[in-house]
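Number of protein chains: 2
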Amino acid sequence: MVKITPEVKKIIEENPVALATVDGKCKPNVNVVSFAKIVAQDKVLITDNYMKQTRENLASSSDVCLAVWDKDWNGYKLVGQAKYFKEGEWKKFVEEMPENKDFPAK
Amino acid sequence: MVKITPEVKKIIEENPVALATVDGKCKPNVNVVSFAKIVAQDKVLITDNYMKQTRENLASSSDVCLAVWDKDWNGYKLVGQAKYFKEGEWKKFVEEMPENKDFPAK
Chain A
-3 MVKITPEVKK
7 IIEENPVALA
17 TVDGKCKPNV
27 NVVSFAKIVA
37 QDKVLITDNY
47 MKQTRENLAS
57 SSDVCLAVWD
67 KDWNGYKLVG
77 QAKYFKEGEW
87 KKFVEEMPEN
97 KDFPAK
Chain B
-3 MVKITPEVKK
7 IIEENPVALA
17 TVDGKCKPNV
27 NVVSFAKIVA
37 QDKVLITDNY
47 MKQTRENLAS
57 SSDVCLAVWD
67 KDWNGYKLVG
77 QAKYFKEGEW
87 KKFVEEMPEN
97 KDFPAK
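Sequences listed follow chains A and B, in order.
Each residue of the first sequence is one higher than the last, beginning at -3 in the numbering used here.
Each residue of the second sequence is one higher than the last, beginning at -3 in the numbering used here.
Pairs involving identical chains hold if they fit within one copy or between any two copies, as the list cannot separate such chains.
Okay, derived cross-link-like pairs now, DSS-like style, lysine-lysine, Cα gap no bigger than 27 Å in a straight line:
| no. | residue 1 | residue 2 |
| --- | --- | --- |
| 1 | 73 | 23 |
| 2 | 102 | 6 |
| 3 | 21 | -1 |
| 4 | 82 | 23 |
| 5 | 39 | 97 |
| 6 | 33 | 97 |
| 7 | 33 | 67 |
| 8 | 48 | -1 |
Think of the hints as simulated: they come from the structure by calculation, not from any bench.
Given only the sequences and the hints, what does the whole structure look like? Please build it.
Structure, rendered in structure tokens:
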């Protein structure tokens, strides 16, 4: 397990994040997400504001790749597995995030 | 075929672009590219400055998904097929792009 350093945490939380998944036919998808939160040294919490295709893709494959960069082109790529929560602790967490107050937090 | 409008062209050419591909095991990858150029109404030319994994992935699957957004979160997603040129007209084109003069244009 690679730990997410404070430097990586900062860049992920302060910039848009590109989140790539694959569909059931092995075709890639990428969407942009905001307000990603580092909630453990190896966990990124992402709110489903508007991610229909990503949500569908995660139902068939949990593999994800995440890329982030700042305005100076410093960037990182993280590879891992994602889990989609329809309820429970993390669902509650994103619903209560101030950043999500004007958006649907599914 | 969906045509790339002037509005989409502008946003693609003026912002970083997230380019998603899949590897031979159907795992997603995303990398960020700059200086994408619209070279036809349905064609985006992207320089391989630093895209090792993407290059490897395109050897096994030509499926790509491209996402782009500006600072105001206006964004687009394009889905299609990619071809990697090691020589020829488009290779020459990217080598001669002024934006690539300080970068490797593979």
